Amino acid sequence: MNLAAADKPKLVLLLDELARAVEDLLLSGLTTASEATRQTLNVSFQEASRLRLLRLGSTLRVANEELGRFTRNEPAFSRKRLSFFLNRAWLLSHGLARALRQGDDKEVDRLLWVPANQPVNRLEVVTLGVAKKVVTGAFCAFEFRLRLLQASEGIDAGRRLVWSCIFPTKPGVDIPPESFLQLAQKQKFKPTVFLEGKRVIIDRAAVALDEFGGGRISLGEQSTVTVGRAFAGWNQFRTWDVPAALERIRAHQPSPLDLEVEMQEEIVLDDWQIGEPDEGEEGQTIYPVTCGSVPFDAVVSPGIEGKVLRQGLEGLRKKKQRPPLFGLLHYEQCRLILQPLSLLGKNGPESLTLSRDQVDRKALLKALNFS
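Everything in the sequence shown is counted per the numbering used here, starting at 4 for the first residue and increasing by one.
Since the hints were made in silico from the structure, they are not lab data.
Certain hints may be false.
Cut-off 30 angstroms, straight-line C-alpha distance, at most; resulting in silico cross-link-like pairs (DSBU-like, lysine-lysine) [said to hold, decoys possible]: (1) Lys365 x Lys193; (2) Lys321 x Lys136; (3) Lys310 x Lys365; (4) Lys173 x Lys193; (5) Lys349 x Lys201; (6) Lys310 x Lys321; (7) Lys83 x Lys310; (8) Lys136 x Lys193; (9) Lys191 x Lys136; (10) Lys173 x Lys136; (11) Lys189 x Lys173; (12) Lys173 x Lys349; (13) Lys173 x Lys83; (14) Lys349 x Lys193; (15) Lys83 x Lys136; (16) Lys173 x Lys365; (17) Lys189 x Lys11; (18) Lys136 x Lys349; (19) Lys323 x Lys310; (20) Lys365 x Lys349.
Note that the coordinates shown come from a computational prediction; the quantities given were computed from them, not determined experimentally.
Make the full structure from the sequences, and use the hints.
Written out as structure tokens, the structure reads:
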């Protein structure tokens with residue numbers, strides 16, 4: 004990743020402050036953590052986001068979330084999650100600061116784990132599913148899982164691509180998170196265009212390709228997103244490359260900075276079964292899913308984030324015939340963790356994560372008022 008020369012010394016100072024803040028937090032304890040310490044973590048997160056340091060930014064975001072849960076005495080607070088992400092933030096801050104001081108760009112790139120962006124003039128994609136993340140009173144985020152229909156500037160057709168958007172929310176607002184998808188982006192399109200089951204044309208964007216066969220789309224000021232023709236070739240997406248996934252596992256070199264979800268696969272399960280749910284950690288619901296002889300744990304988040312998915316899976320338990328299931332797979336403590344996203348029906352994907360409730364525009368406008 005190419006950091007501007009003016010940003011490097013500022014980032015080193017920020018990383019030093021971040022490391023001290025984490026150490027102060029651990030030495031003094033959570034109950035006596037100063038507002039200045041929490042503010043340092045928040046400023047570091049904002050700066051990491053500005054510089055598109057995604058690994059550091061996401062680490063600080065989760066650490067801040069858990070600190071907020073602790074101070075608000077929320078039952079969802081997780082000691083395990085806070086400890087992990089504070090430790091990760093400390094390792095990253097020390098490692099990055101040292102690499103920047105030594106001018107070791109290769110080590111900086113390894114720690115940041117940010118693939119280089121390449122500009123593309125045109126991408127023609129369809130949506131297979133949408134992942135949803137909700138932190139009540141803070142934000143809701145949506146990640147659209149896309150497939151490239153036509154090769155474009157060295158990117159092969161069929162490539163897995165992702166575009167995501169995030170919306171800040173405020174405490175006390177009770178509307179479906181999907182309502183925010185009705186809001187126009189600065190490129191003057193609504194994210195709902197990705198949900199129409201049609202081709203979507205993205206012009207003048209950038210793509211960061213990763214080593215796992217995927218890529219993340221970034222939109223700029225000049226980017227445009229428009230709806231194209233109807234799409235009927237959904238059958239081509241009803242399989243997934245198991246040998247390639249196994250090869251990625253064999254080639255992976257573990258490190259203390261790894262997150263399970265960083266080695267994530269998009270999978271399709273055909274002829275699958277779903278059993279009675281059980282309680283998981285931190286309020287999660289775990290549905291046992293099997294495909295052939297392979298067992299998966301389908302994880303549903305608590306609260307509003309998992310409400311729609313839970314209802315969908317309960318309905319599918321009662322059916323004898325089920326369409327192929329599209330979702331995300333990662334590996335955690337020798338288990339196959341599945342995040343179901345959609346059913347691949349004859350006429351296209353049917354979302355398992357997004358509510359179909361009508362949008363209350365008055366409530367949405369109220370939610371946007373942060374004054």
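- Checking against the hints above, which ones are violated? 12, 20
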